[in-house]
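Engineer: Residues per chain are reported as follows:
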Amino acid sequence: MIKIDGLTKRYGQHTVVDQLSFDCAAGEVLGFLGPNGAGKSTTMKMVTGFVAPSSGHASVCGHDIGTDALAARRKMGYLPEGAPCYPEMTPRSFLEFIADIRGLSGEKRKQRLDEVIGRLHLEPVLSQSIDTLSKGFKRRVGLAQAILHDPEVLILDEPTDGLDPNQKHEVRQLIQSMAKDKLIVISTHILEEVEAVCSRVIIISSGKIVADDTPHNLAARSRYHNAVRLTAPDAASIGAIESAIARLSSVSTTETDRQHLTITAIAKSGGKDAEVLRQVSQLINEKGWNVGGLQLETGRLDEIFRQITGGARA
Amino acid sequence: MNMIKALFRRELRSYFATPVAYVFIVIFLLLMGTFTFYLGGFYERGQADLQPFFSFHPWLYLFLVPAIAMRLWAEERKTGSIELLMTLPITAWQAVLGKYLAAWAFTGIALMLTFPIWITVNYLGDPDNGVILAAYVGSFLMAGGFLAIGACLSAITRNQVIAFVITVVVSFGFLLSGFPMVLDLFSGWAPQAIVDGVASLSFLTHFSSISKGVIDLRDLIYFALLIAAFLYANTIVLQWKQAD
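Listed in order, the protein sequences are those of chains A and B.
Residue numbers in the first sequence follow the numbering used here, run continuously in steps of one, and reach 397 at the last position.
Residue numbers in the second sequence follow the numbering used here, run continuously in steps of one, and reach 251 at the last position.
Keep in mind that the hints were calculated from the coordinates and are not lab data.
It is possible that part of the hints are untrue.
What the hints assert, rightly or not - Per label pair, the in silico range of CB-to-CB distance: (1) B:ALA235 <-> A:LYS191: 28 to 38 Å; (2) A:LYS263 <-> B:ASN9: 50 to 60 Å; (3) A:LYS191 <-> B:ARG20: 22 to 32 Å; (4) A:GLN259 <-> B:MET119: 46 to 56 Å; (5) A:LYS263 <-> B:TYR239: 41 to 51 Å; (6) B:TRP196 <-> A:HIS97: 20 to 30 Å; (7) B:PHE70 <-> A:GLU206: 40 to 50 Å.
Unchecked claim - For lysine-lysine, the following DSBU-like pairs were computed, each having C-alpha atoms within a straight-line distance of at most 35 Å: (8) A:LYS86 <-> B:LYS12; (9) A:LYS351 <-> A:LYS86; (10) A:LYS291 <-> A:LYS158; (11) A:LYS86 <-> A:LYS193; (12) A:LYS86 <-> A:LYS218; (13) B:LYS12 <-> A:LYS158; (14) B:LYS85 <-> A:LYS218; (15) A:LYS193 <-> A:LYS158; (16) A:LYS191 <-> A:LYS291; (17) A:LYS86 <-> A:LYS158; (18) B:LYS85 <-> A:LYS191; (19) B:LYS248 <-> A:LYS218; (20) B:LYS219 <-> A:LYS193; (21) A:LYS265 <-> B:LYS219; (22) B:LYS219 <-> A:LYS86; (23) A:LYS251 <-> A:LYS370; (24) B:LYS85 <-> A:LYS158; (25) B:LYS85 <-> A:LYS251; (26) B:LYS85 <-> A:LYS291; (27) A:LYS355 <-> B:LYS219; (28) A:LYS86 <-> B:LYS85; (29) A:LYS251 <-> A:LYS158; (30) A:LYS351 <-> A:LYS370; (31) B:LYS219 <-> A:LYS218; (32) A:LYS291 <-> B:LYS12; (33) B:LYS12 <-> B:LYS248; (34) B:LYS219 <-> A:LYS158; (35) B:LYS219 <-> A:LYS263; (36) B:LYS219 <-> A:LYS191; (37) A:LYS263 <-> A:LYS193.
Stated by the list, open to error - If you only want the chain B side, here are some residues facing chain A, beta carbon under 10 Å, derived: (38) LYS12; (39) LEU14; (40) GLU90.
Owing to the predicted nature of the structure, the values given are computational and were not obtained by experimental measurement.
A virtual CB, placed ideally from N, CA and C, is assigned to each residue, including glycine.
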């Protein structure tokens with residue numbers, strides 16, 4: 084659906100996007116991750132044809148954005164960063180304008196307008212001017228505009244930025260409900276979002292791809308993958324518990340947080356899944372510790388993110 | 008065509024959704040009236056024509072039309088809506104034309120609202136309405152010329168003030184290109200053909216013949232070519248900004 088080949092953008096001496104290449108297909112929700120300034124938005128601007136690349140190609144559904152831009156854009160819905168709209172318009176007239184440009188007419192036009200207005204809960208503000216709306220509503224108007232023509236490819240630049248947790252949840256549900264037969268690309272730096280909706284993650288840093296994997300596999304790279312966290316009953320016993328756990332054969336090291344009374348037992352690399360959990364719970368039974376909580380960790384995306392985008396060194 | 012129509016409707020509506028339209032129209036009519044009656048000596052001349060009215064149009068347009076044109080692209084760039092607009096399935100030409108035609112139609116509406124002066128002159132005397140109609144057409148074309156210059160220059164910057172100032176200066180150059188202050192810039196070094204060419208670009212010369220009721224095909228072609236050239240430049244600027 085989207086094919087990117089050697090996409091590069093230079094501003095003077097500064098290379099913002101550097102030889103980016105990847106493919107993605109329908110049914111995927113691709114999370115495009117990276118620190119601020121890594122080139123996420125610039126890449127999206129090039130794929131949608133708003134910015135022309137310095138070199139390389141991008142095509143959408145087989146239409147090259149450089150030579151066949153109109154056909155490519157017809158297949159795409161795009162929410163630019165910050166969800167810009169025409170502030171003096173009302174959501175209704177704005178969406179009607181988009182419907183006209185998208186060539187929707189008659190019954191189809193009415194049906195699509197009703198559907199997006201309903202799905203994004205825009206009814207209460209339909210005839211209010213957009214500049215009087217809250218950030219959440221503005222963002223939803225932008226999303227409504229992007230999905231109005233039911234595009235095959237949806238490109239969303241930070242779709243949940245500025246939304247409250249309820250609205251974030253709704254937008255994620257919306258993305259998941261549309262994911263089946265579409266390709267959805269979202270850029271974000273909210274890692275929980277990636278875990279919640281994405282089937283694939285591409286992390287870029289300084290314009291280059293540094294990771295391309297499923298969220299699960301990515302998390303498995305974390306040193307916390309298969310680690311076990313338990314909460315000690317009181318501060319007095321924490322030392323004894325920690326040293327007993329550290330002696331277990333599957334545990335490489337332990338980390339202790341005395342303030343929260345938690346001990347994290349980190350698994351040796353190459354061990355069996357959940358081996359640490361099995362050994363730790365056995366130990367708890369043997370010793371009869373009255374632990375406050377026991378939890379298996381799958382891995383921490385934020386740690387991996389920092390590690391591969393260079394934040395860990397800083 | 009449908010795209011241009013949709014863009015045109017959105018743009019024209021947005022003028023009236025903000026105070027821009029009302030402020031512009033009121034100021035435009037007030038200044039027109041003031042100039043015609045006080046500076047133009049409409050009554051004192053004792054002639055049943057609209058010469059004092061039309062003779063001030065170029066000077067009013069010089070400042071008022073750039074005020075309309077400055078927002079065309081600069082505002083889109085500032086709010087970021089240009090990214091939305093230019094990633095819709097429309098060509099740069101359609102976007103340029105839709106926006107330009109809406110702005111031109113808006114100045115047309117403002118111009119039409121000067122009709123009481125036409126009623127006044129018909130009430131007071133027996134003017135040649137053919138000449139008046141021709142002058143209105145000429146005035147509308149001239150406004151279109153100023154507007155095309157302004158639209159093109161507005162695409163260069165995200166700052167509306169800069170867009171306004173540059174447009175006024177360039178328009179002033181076009182307005183006066185038949186006069187010594189512009190021609191002297193060229194006459195020292197350029198061949199006579201170029202000096203004549205620059206002289207023939209003057210808005211004033213072309214407008215004054217139309218406003219006297221002489222609709223010469225050359226004047227019409229002049230304005231049409233000028234508008235087309237600046238709109239073409241407008242699309243070039245957009246593409247150039249895209250690669251920037």
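Engineer: A separate judgement is required for each hint: does it hold in the structure or not?
Structural biologist: So, going through the hints one by one against the coordinates:
no.	hint	result
1	B:ALA235 <-> A:LYS191: 28 to 38 Å	holds, 36 Å
2	A:LYS263 <-> B:ASN9: 50 to 60 Å	violated, 32 Å
3	A:LYS191 <-> B:ARG20: 22 to 32 Å	holds, 23 Å
4	A:GLN259 <-> B:MET119: 46 to 56 Å	holds, 54 Å
5	A:LYS263 <-> B:TYR239: 41 to 51 Å	holds, 45 Å
6	B:TRP196 <-> A:HIS97: 20 to 30 Å	violated, 41 Å
7	B:PHE70 <-> A:GLU206: 40 to 50 Å	holds, 44 Å
8	A:LYS86 <-> B:LYS12	holds, 33 Å
9	A:LYS351 <-> A:LYS86	violated, 39 Å
10	A:LYS291 <-> A:LYS158	holds, 26 Å
11	A:LYS86 <-> A:LYS193	holds, 33 Å
12	A:LYS86 <-> A:LYS218	holds, 33 Å
13	B:LYS12 <-> A:LYS158	holds, 22 Å
14	B:LYS85 <-> A:LYS218	holds, 18 Å
15	A:LYS193 <-> A:LYS158	holds, 20 Å
16	A:LYS191 <-> A:LYS291	violated, 42 Å
17	A:LYS86 <-> A:LYS158	holds, 14 Å
18	B:LYS85 <-> A:LYS191	holds, 34 Å
19	B:LYS248 <-> A:LYS218	holds, 29 Å
20	B:LYS219 <-> A:LYS193	violated, 52 Å
21	A:LYS265 <-> B:LYS219	violated, 63 Å
22	B:LYS219 <-> A:LYS86	violated, 62 Å
23	A:LYS251 <-> A:LYS370	violated, 44 Å
24	B:LYS85 <-> A:LYS158	holds, 27 Å
25	B:LYS85 <-> A:LYS251	holds, 27 Å
26	B:LYS85 <-> A:LYS291	holds, 29 Å
27	A:LYS355 <-> B:LYS219	violated, 95 Å
28	A:LYS86 <-> B:LYS85	holds, 31 Å
29	A:LYS251 <-> A:LYS158	holds, 25 Å
30	A:LYS351 <-> A:LYS370	holds, 23 Å
31	B:LYS219 <-> A:LYS218	violated, 56 Å
32	A:LYS291 <-> B:LYS12	violated, 42 Å
33	B:LYS12 <-> B:LYS248	holds, 25 Å
34	B:LYS219 <-> A:LYS158	violated, 54 Å
35	B:LYS219 <-> A:LYS263	violated, 69 Å
36	B:LYS219 <-> A:LYS191	violated, 53 Å
37	A:LYS263 <-> A:LYS193	holds, 24 Å
38	LYS12	holds, 8 Å
39	LEU14	holds, 8 Å
40	GLU90	holds, 4 Å
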